[in-house]
Structures are given as C-alpha cells and as structure tokens.
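Colleague: Chains as they are written, first to last, in my numbering: chain A, 1 to 150; chain B, 1 to 150; chain C, 1 to 117; chain D, 1 to 117.
Everything labelled a hint here was simulated from the structure, so no lab data went into it. Heads up, the beta-carbon is just placed ideally off N, CA and C, and yes, glycines get one too. Keep in mind that a hint or two might mislead.
Which chain C residues stay away from chain A? Per the calculated CB distances, all over 10 Å, these [as the list claims (entries may be wrong)]: (1) A8; (2) H10; (3) V11; (4) S13; (5) D15; (6) V23; (7) I42; (8) S45; (9) P47; (10) A77; (11) A80; (12) T104; (13) I105; (14) D107; (15) L113.
Looking from chain A toward chain C, a few residues come up when the C-beta cut is under 10 Å (computed) [said to hold, decoys possible]: (16) P15; (17) A16; (18) L18; (19) R22; (20) A37; (21) G43; (22) R55; (23) L98; (24) V101; (25) R102; (26) G105; (27) T114.
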Amino acid sequence: MDDACALRITLLSRPALLSCVRRTVEAWCSLTGCAEAELAAVGLAMDEAIANIIRHGYDNSPDGSIEIEFHRDGPTVQFTLTDNARQVPLESICSRPLDEVRPGGLGVYLMKETMDEAVWSHRPEGGMQLILRKTMATSPEVTMREHDVR
Amino acid sequence: MDDACALRITLLSRPALLSCVRRTVEAWCSLTGCAEAELAAVGLAMDEAIANIIRHGYDNSPDGSIEIEFHRDGPTVQFTLTDNARQVPLESICSRPLDEVRPGGLGVYLMKETMDEAVWSHRPEGGMQLILRKTMATSPEVTMREHDVR
Amino acid sequence: MSADHTFAVHVESTDVAAIVRPVGDVDLSSSPMLRTSLEQAIAQSKPRTIVDLTSVGYMDSSGVATLVEGLQRTRRADSAFLLCGMSDRVLSIFQISRLDAIFTIADTLDAALGTDT
Amino acid sequence: MSADHTFAVHVESTDVAAIVRPVGDVDLSSSPMLRTSLEQAIAQSKPRTIVDLTSVGYMDSSGVATLVEGLQRTRRADSAFLLCGMSDRVLSIFQISRLDAIFTIADTLDAALGTDT
Ligand SMILES: Nc1ncnc2c1ncn2[C@@H]1O[C@H](COP(=O)(O)OP(=O)(O)O)[C@@H](O)[C@H]1O
Ligand SMILES: Nc1ncnc2c1ncn2[C@@H]1O[C@H](COP(=O)(O)OP(=O)(O)O)[C@@H](O)[C@H]1O
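If we strip away everything but chain A, and leave its shape as in the complex, we get (with noise of 0.2 Å):
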C-alpha cells in the first residue's frame, strides 16, 4: 500500500457529517476511474463504518474524534479508520444472522459484503482502529491520472 497518505479526514461524531464523508469518499474514489456500482459500495461501507462508531463507540456523543485516512494502490483503495472511542471485544462486532428479520444488525454485515476486506483492531494508545478495503474494477482512461492521484 502506498505510504503517502494523499487525503485525511478528520471529524467529529455527528450524523449530519455523514452524507459529507459519503460524497468525498465517493468523489476520490472515483479517481481510480471505477464503476458507480462501485462508489456505491464504498460510500456505504465508509457510511456505516461511521455510524457505528458514533452510536456504539462514543454512544451518540457528538464530541468524538473519528480520523480517516484514505490511501491508494493503482486500484485498491483503503481506509484506516481510527476513533478515540471505547474498545470493545472484537468477536462483538457481527452482525445478526440474515435471516432473522428484526430493525438494525446489518450494519457489519453490510461493510464485510461490500468491501474485500473490513477489520477492527484496538490500537494500543486507546480507541478503535478498522481497516476497510477493496479493489476496485478500473477503466484504461484511469492511467492518464496515476501519476498525481495516490
């Protein structure tokens, strides 16, 4: 993975930013010069990534920190999530089974379908770390902007 960090975003933890973080997630993605399917995926991720940070992690406390940094190789995007949240047991964060149909619980399941990979740790000076990441389907018009994206 590239070690530059081209882009950071850093935000408190408040709902309305979310439909901000989706569309910048989405915009810079849209470098790699992948599909709107794709873009899709990862604004979802990236959407309820977050949401589940400020409800579980800092329980809906509009104060929290929540750190992104958005890194790029050719076609795979990642993104390191990191809160100062409280750490929960890892084997916590899962879904409900499918099909048990009740309000909510899709969340984690969601990031792990649309995403190649979704991964929590908890980061040694405190708080939460996840990793989300995904390579994207890429068009040849993309190679024009290698250069200056990453």
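Go by the hints and put chains B, C and D with the ligands onto chain A.
Modeller: Relative to chain A, chains B, C and D with the ligands alone:
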C-alpha cells in the same frame, strides 16, 4: 465563530484531489440549507485557493501539505487553509486588471468576488494561512439539523 | 431552491392508504425523522401504509431498520405495508440484506395504491 | 460505465470547423489535457475552432485561462473561436470575470457551426 471544528481535511498538493475537495466543501455547505448557486460559489473559491497553493506556494511539487478546517456558525461558513509553503509578500497576492485580457490572473479575483472575505496571512510557525468566509442565504428547513451540524 | 442534502418527509392520506414520502438521503441523521413520520402514518390505521421512495437517492442500514420497524408495526395492526419508487441504489441495499423478499415492493406509487395484498 | 470524475477530450473535424469536446470537470488537473487537444485542433487551421462544453459541469480559472489562450492563438491565425453548450454554472465564471463579452458564445453546437463571424 464556533470553536469546535466539526471537520478537517488534510491533503497533499495534488491537482487530482481538487474535485474531491470541491465536492466535500459543497456537501458540507449544503448542510446550511443554502441555495445551489451559493454552494457553487464556495466550491469555486476553495478550488482556486488550493490551486494557488499548489502552483504558487508549492511550485507544483506534489508533496506539500494543505490543511482545511471547516467552521460554521449558523448560516456563516468559514474555512481556514494552512500550508507549509513559502511566504510571499501579501500585496503580491492580487489578480490582473479585468480589462487586460490574458490567460490566468483571475483566481484571487474569483475568490474575493464569490466569498464575503478572503484574507491571507503569514503563519508565525512558517507557511501561509488563508481564511475564506461567507454568510449563506438559508432556507427554513435547516433549523431541523442545527443542533448536530456546526 | 434549497440544496439537495437537506431532508424532509411528507405524509399524505387517501381513503385506503397513508403515504409517506421522504425526500433526500436516508441515513443516521435523517432516519429518526422518517421514523416519526412513519409512526404518524401508521397511527392513521389505514388499510395500507405506503412508503414512496422516489425522492430518496441513498439509504443506509438505519433507514432499512426504520422500514423493518414499520413493517412489524403494520403487521401487528393487520394492515399492509408497501414500498415503491426505489432507485437501483436503494434497491441494492435491500437485495444485499435479503430483505427484498420480506417487503412488498411495487414499482410505482400507482402500483402500490392498486396492489391487492 | 466509468465514473463521472474522470476526464477526456474528444477532437473532431468537419470541412469548416475543428470541434473540441471536453468531458468532465475542467480544473487544474484536467486543463493541461484540454490545452493539448485545443492546440491540436487549432493546428488544423480550420476557419473555425469550436469548444463544445455540453459535457463540462464545472470549470475553474485554469480552464478559463486555457480558453483565453486558445482565443488568442486563433486570433493570430485569423480563424474564429467559439464556445457552445455552456451550463449556467460554467457560464457564471465567464460572467463574473467579464469574459462573456470577449468570447463568442453560442447556445448549441449547431448554432456555433452555423454562426457567421
Ligand atoms: N465501532 C464499533 N464500536 C463498538 N461496537 C461496534 C462497533 N461497530 C459494531 N459494533 C458492534 O457490532 C454490532 C453489530 O453492528 P451492526 O451490524 O452495524 O448492527 P447494529 O449497529 O444495528 O447493531 C453492534 O450492535 C455493536 O455491538
Ligand atoms: N497561495 C499563494 N502563494 C503565493 N502566491 C500566491 C498565492 N495565491 C496567489 N498568489 C499570487 O497572486 C497572483 C494572482 O493569483 P491569481 O489571481 O490566482 O492568478 P494566477 O494564479 O493565474 O496568476 C499569483 O500570480 C501569485 O503571484
């Protein structure tokens, strides 16, 4: 101006990131419930500001760092852009006269025209700072979200 | 003209149906408003409750959860719950979570108003 | 289907005109490509060089600078330079910078092809 910075973006001085930052700024400003034309104005000002930092501040080197803090107080949005680029005399930051038609020399004019305020300064720790500020015309709906944006 | 990221929900009713029309993206910031309007619509005890998603470009799992809740409430009240006007993007989240088989999904509002359930 | 933020420029020519069609946002990252295509088009020495902006949703001052450069080159070559297909957003940057009076701006490509200059 609200003290808590709800959003901050850090990017490298790469032209490919302009479209992404523009979209972020427009999505974030739309939380004020302002008119489309206002969004476009702020997106343009931000694009011109970053393009100038890339070209004039960092001489098109792709590894300069640019930080944008997003602030909001009701209908007023304010962006603080900081860089570690060279400090130029502040009076040199001005556009060509409009009637002298030649390529270039419009960016600073466009920023001043589309924003209420565009103020450059030297940061004591090195690098430049630019504050862009504008009070947007809002629609009534926006009060619904007032509590969790800013 | 107001910007496209603000959110609103309109509730309308006919003899046979209460129609809920969210306008904008449905995510964690807007789904509580959708839930409130949905509760109001269901409280009207019409034979049908219809959620018209024509003006919804995006929905996340908090929106889906709100609709599942609506479905369960109407079931208890023995009334029909229908979704219509879904864009491909919105439909895909129902498909991924295999809820497209649980909900009654009509193409258009007219179809939802005319569907026998 | 490719994403809408990638950029491309198509150049086409008829007996009387070279037509340049940028597709996507014109900003600091894409204006160099527009410049290259514009130079190629102007080098064809047609009576008219037309830039069709129908598929350009956004332009910043680097795009405007590129077009001013094109205008000046064609003037030296004694050929006409026309813009067409501008959205309101793109037009507004020409208006703010008072360049709408300097350029010949046609509504549509047909108008640009038919306009006497
Ligand atoms: N960032 C997080 N911090 C702490 N716990 C989390 C986090 N994300 C997910 N979880 C846990 O995983 C569970 C499943 O999450 P999810 O699939 O999104 O469904 P829901 O949030 O509706 O319960 C949550 O109920 C929660 O216990
Ligand atoms: N961020 C910056 N750092 C250094 N100089 C700047 C910066 N922004 C603008 N300038 C100076 O202001 C001048 C006018 O800028 P502008 O109006 O954008 O036109 P142009 O960039 O085409 O020259 C530039 O030529 C440059 O000398």
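Colleague: Give a verdict on every hint.
Modeller: Verification of the hints:
no., hint, result
1, A8, "holds, 14 Å"
2, H10, "holds, 20 Å"
3, V11, "holds, 20 Å"
4, S13, "holds, 24 Å"
5, D15, "holds, 29 Å"
6, V23, "holds, 14 Å"
7, I42, "holds, 14 Å"
8, S45, "holds, 21 Å"
9, P47, "holds, 23 Å"
10, A77, "holds, 16 Å"
11, A80, "holds, 17 Å"
12, T104, "holds, 14 Å"
13, I105, "holds, 15 Å"
14, D107, "holds, 21 Å"
15, L113, "holds, 25 Å"
16, P15, "holds, 4 Å"
17, A16, "holds, 5 Å"
18, L18, "holds, 5 Å"
19, R22, "holds, 7 Å"
20, A37, "holds, 8 Å"
21, G43, "holds, 8 Å"
22, R55, "holds, 7 Å"
23, L98, "holds, 5 Å"
24, V101, "holds, 6 Å"
25, R102, "holds, 7 Å"
26, G105, "holds, 8 Å"
27, T114, "holds, 7 Å"
Violated hints for the displayed structure: none, as all numbered hints are satisfied.
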